[in-house]
Every structure is written in structure tokens, then in C-alpha cells.
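Chemist: Now for the letters of each chain:
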Amino acid sequence: MATTMVKENNAGPAQLLGPESASERTLYPYVTGTSVVALKYKDGILMAADMAASYGSTLRYKSVERMKSIGKHSLLGASGEISDFQEILRYLDELILYDNMWDDGNSLGPKEVHSYLTRVMYNRRNKFNPLWNSLVLGGVKNGQKYLGMVSMIGVNFEDNHVATGFGNHLARPILRDEWHENLSFEDGVKLLEKCMRVLLYRDRSAINKLQIAKITEEGVTISQPYALKTFWGFSAFQNPTVGAEGSW
Amino acid sequence: MFRNQYDTDVTTWSPAGRLFQVEYAMEAVKQGSAAIGLRSKTHVVLACVNKANSELSSHQKKIFKVDDHIGVAIAGLTADGRVLSRYMRSECINYSFTYESPLPVGRLVVQLADKAQVCTQRSWKRPYGVGLLVAGLDESGAHLYYNCPSGNYFEYQAFAIGSRSQAAKTYLERRFANFADSSRDDLIKDALIAVRETLQGETLKSSICTVAVVGVGEAFHVLDQDTVQQLIDAFEIVGEPEGPAAEPEPEPEPDAAAEEGTTADQGAAPDQGVAPMDI
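Protein chains in written order, with UniProt numbering: chain A, 1 to 248; chain B, 1 to 279.
Hints listed in this document are in silico derivations from the structure and should not be mistaken for laboratory results.
Misleading hints may appear alongside valid ones.
Below, a list of computed lysine to any residue pairs in the SDA-like style, where the Cα atoms sit at most 20 Å apart [to be verified]:
{"#": "1", "chain 1": "B", "residue 1": "LYS41", "chain 2": "A", "residue 2": "ASN142"}
{"#": "2", "chain 1": "B", "residue 1": "LYS115", "chain 2": "A", "residue 2": "TYR98"}
{"#": "3", "chain 1": "A", "residue 1": "LYS72", "chain 2": "B", "residue 2": "TYR99"}
{"#": "4", "chain 1": "A", "residue 1": "LYS111", "chain 2": "B", "residue 2": "ARG107"}
{"#": "5", "chain 1": "A", "residue 1": "LYS194", "chain 2": "A", "residue 2": "LYS229"}
{"#": "6", "chain 1": "B", "residue 1": "LYS65", "chain 2": "B", "residue 2": "GLN31"}
{"#": "7", "chain 1": "B", "residue 1": "LYS169", "chain 2": "B", "residue 2": "PHE154"}
{"#": "8", "chain 1": "A", "residue 1": "LYS111", "chain 2": "B", "residue 2": "PHE97"}
Please build the complete structure, drawing on both the sequences and the hints.
Modeler: As C-alpha cells, then:
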């Protein structure tokens with residue numbers, strides 16, 4: 001590849017090439033994760049994401065955890081470039097480390113982490129070197145539930161349910177109809193599974209191996225990977241090309 | 001006072017292990033006019049004596065709003081105080097911008113203390129000659145800190161700094177056990193009485209003192225002169241539990257607080273006779 005994804009720095013090797021120096025900023029994503037869907041429920045936040053990382057149209061990696069806990073109060077899910085997600089986790093690691101080092105009883109809650117991420121994403125976008133992710137940040141602190149999203153250009157907002165990528169088009173309409181305040185854990189999971197099933201059927205980069213994470217006042221739990229039940233026995237799938245001249 | 005060969009540089013220790021320049025800086029705080037702070041579980045009150053040099057001039061600003069949830073009262077070199085207030089405002093606003101959340105008071109105080117410490121360990125600097133009473137509210141409750149030119153900081157239930165602050169401290173020491181559960185109005189009354197203690201017989205008027213409050217649901221703000229004068233008039237009247245009724249508060253005041261104020265007044269009234277002007 002002619003382009004590199006090295007973070008901009010003054011002494012980069014590409015600078016030595018002189019006038020024809022290579023670009024040192026993110027131009028395209030390479031290894032990407034697909035949708036993340038999340039909603040608020042009675043005790044906190046539920047978030048779901050599959051474990052796939054695609055390399056273009058190839059489903060290259062199938063055990064990628066795209067949701068991680070941040071500090072004591074937050075859960076971060078990401079779609080988009082996986083290496084940029086890992087970079088963001090490093091930033092947040094340092095942030096939480098310094099927060100813990102104060103050792104003073106104060107801690108960064110989900111709102112603060114979300115705001116911090118918005119600043120990072122927006123500043124990178126302004127330098128034309130974005131972190132190619134859509135992030136979902138959820139958490140509970142002092143009984144307050146929080147769920148927000150940040151895109152790669154720094155657009156951020158809070159809502160009762162959010163989704164990234166294809167999830168916006170396929171999952172949000174379902175959530176708009178069926179989400180309500182104070183969902184029980186079981187109902188929340190059923191609703192998320194309904195959304196993930198639609199995504200599994202219709203999103204080419206989705207695989208049938210997903211995790212559901214929950215965050216409450218007590219903390220974060222990320223489930224073991226599991227598969228959704230699917231049904232492919234539709235009669236239209238038998239001899240699908242009958243009647244299509246020239247097709248096979 | 002003390003003049004010796006070890007006090008020229010802040011970077012010179014004395015044989016007794018003292019940094020005289022830092023101690024002289026703390027002396028500057030003691031020379032400034034008094035500032036008092038006290039806190040309950042939900043409110044913090046700052047009050048200070050504001051005397052103008054002459055009738056023609058205005059008085060120096062000694063209380064600064066740092067953010068909606070933090071304010072500071074200074075004693076000592078007011079110019080140093082102004083500069084440090086600007087630093088504090090800057091830190092608060094930067095934190096708010098990045099995290100959309102108010103900066104915890106304890107963290108601001110540590111940053112301020114670290115800044116002061118730097119000046120005690122550089123040969124080309126001098127310590128800040130100002131003591132700061134930092135009043136603030138955050139998730140962990142109401143806080144009052146004292147930041148020293150030495151770079152030390154302490155948390156207090158109540159404290160007084162500046163000239164004749166010992167009189168105020170004596171009064172506060174007698175009363176501080178009640179402060180945690182005090183109502184907002186009682187806290188302000190105690191602050192005004194403490195200020196009066198430092199005046200040594202001079203009449204307490206709103207023209208020579210400034211009062212500021214921060215509390216749950218109440219952003220940090222300086223009370224205007226009329227309100228302060230009304231509060232002074234309210235408690236100067238010995239034995240009259242008219243306190244809450246005489247205060248047309250611009251801020252919304254729940255009825256429960258008014259009742260609390262009345263009973264506390266009746267408790268305070270007998271105290272008025274005992275409260276000493278015996279400095």
C-alpha cells in the first residue's frame with residue numbers, strides 16, 4: 001500500500017522522502033467492525049456487538065471483543081477501524097490511570113468519558129487525521145444512567161438507545177417502536193437480540209457470534225460469545241433462480 | 001521579627017531546617033485583612049473584611065468566583081490572589097470544556113498547592129504572598145480548604161485568616177460542632193459574627209464586609225450589600241428571633257429552612273448575651 005497509517009510525527013521516515021512524502025494520515029479503514037447497538041434499561045445499559053472484524057469484504061477475524069469496560073462506571077463499544085479502537089483504549093487507559101492516581105474519592109463517570117472522547121475525535125477530525133470509529137459510551141454513576149455516541153467527525157449526542165453503522169438503519173426503527181422506560185433485563189436482551197438478528201440477516205459484515213454487555217451501578221459484565229437462532233428454510237430459498245433466465 | 005543570614009533566598013535552608021522566605025510569605029498573609037470561611041453539609045460561606053484605604057477609593061476585591069461551584073477568599077497580597085484566581089478559573093473552565101463536568105474542588109486545590117510549591121523551590125521565584133480560602137461543592141459534598149504560600153493545603157470545617165483572625169477562630173472553635181447541620185442562614189449569621197469578632201469593637205456594616213455563599217442548588221455568588229445589611233440588622237437585635245422574617249431572600253428559600261432558622265435563633269439568642277466581645 002502506498003499510504004501509511006503512521007500517526008503524524010515530525011521525525012517520521014516518510015518526511016525524508018522530500019517533496020514526494022507519503023501521506024501520514026488515515027485515509028481509509030482497513031480492518032473494521034460492524035454495528036454496535038445499545039439501550040438503557042431499568043438497572044443500567046445493555047450493549048450488543050458481534051465479534052467480527054472484516055478485512056474489506058473478507059470476514060477475517062472472528063473473535064474480536066468490540067466492547068470494553070472503562071474505569072468503574074463506563075462501557076465503550078466501537079465500530080469501524082479496529083486499530084483505531086485499540087488506540088482509543090490506550091488513551092482511555094492513561095486517562096483512567098491518572099484519574100485513579102488522584103486517589104481522592106472522585107472518579108470519571110460516563111458523561112466525562114464521553115465528553116473526553118468527543119474532544120479527541122473532533123480534534124483528530126480537525127487535523128484531517130480521524131480515528132475511524134463510531135463509539136458508543138454507556139454507563140451508570142450514582143444511579144444516573146448515561147448512554148451516548150461519538151462519530152469519527154466528532155458528532156456526539158445522548159439518547160435512550162443508540163446504534164452505529166447499519167444499526168442506525170436496521171436497529172433504531174425497531175428500538176423507536178419497542179423501547180420503553182424501565183425495561184427489565186430479560187426484555188432488554190430480547191429487544192437487543194431482535195435487533196442483532198435483523199442485522200445478522202441483512203448486514204454482510206455481521207457474523208453469528210455476539211456478546212451482550214451490561215453495565216449497572218455494580219459494574220460491567222460482558223457475556224460469553226453465543227449465537228442467535230436463525231431460520232433459513234424459506235421456500236423462496238429453494239431454487240431461488242427458477243424463472244431467472246441465465247442465472248444459476 | 002527575625003532577620004538572619006539564611007533568609008535572603010527561598011532556596012536557602014536555615015540550620016534549623018526552615019525556609020525563612022516561605023515563612024515571611026506566610027507573614028504577609030497575616031498582615032492582610034481578615035477572611036473567614038465555614039461550611040455545613042450543604043453550604044459553604046465566605047466572609048471578609050473589606051476596608052477601603054480612604055473614603056475616596058473603592059475597596060479591594062477579596063472574594064472571587066472561580067466557577068459556579070467554587071469561590072475563593074484571599075488574604076495577603078491581593079495582586080497575587082488575583083493572578084491565582086485567574087489560574088483557578090482557567091483550570092475550571094478547561095476541565096469543564098473537556099469533561100462537561102465541574103472540576104472536583106479537591107483536585108483544584110492540589111493543583112493550586114503544587115503551583116505554590118514550585119515557587120518555594122526556584123531561586124528565581126518568590127512564594128505567593130497570599131492565603132486562599134477555597135470554598136466549593138462537588139459530588140462528595142461541601143468543602144472548605146485553606147491554601148498556604150508554603151504549598152500546603154488543609155481542609156477545614158471553619159477557618160479564618162488575616163489580621164485579627166484569632167478572634168474569629170476562637171468564636172468558630174466554640175461553634176463549629178454545630179456547623180455541619182446548620183441551615184444556610186445560620187451559617188451566614190455565624191460568618192458575620194465571626195467577622196465582627198475581628199473588628200474589635202468597630203460597628204459591623206455591610207460597607208466594610210463582603211459575604212459569598214455556595215450551596216446545593218445555589219451557584220457561588222457574592223451577596224449584595226443590601227442583603228448583607230439586612231442580615232446584620234437581623235442578628236444585632238439581641239433576643240429577637242426575627243431573623244428569617246426580616247430577610248427577603250432573592251434566592252428561593254424553602255419553608256423548612258425558615259422554621260429551622262427560628263428555632264436556631266431562639267437557641268442563639270441566649271448565646272448573644274454570652275458571645276464575647278472580649279478581645
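Chemist: Hint by hint, say whether it matches the structure.
Modeler: Now for the hints, and whether the structure bears them out:
1. B/LYS41 with A/ASN142: Holds, because 18 Å separates the two Cα atoms, which is no more than 20 Å.
2. B/LYS115 with A/TYR98: Roughly 18 Å separates the two Cα atoms, so the pair holds.
3. A/LYS72 with B/TYR99: Judged against 20 Å, a Cα distance of about 16 Å means the pair holds.
4. A/LYS111 with B/ARG107: Status holds; Cα separation ~18 Å.
5. A/LYS194 with A/LYS229: holds, 11 Å
6. B/LYS65 with B/GLN31: Roughly 23 Å separates the two Cα atoms, so the pair is violated.
7. B/LYS169 with B/PHE154: holds, 15 Å
8. A/LYS111 with B/PHE97: holds, 12 Å
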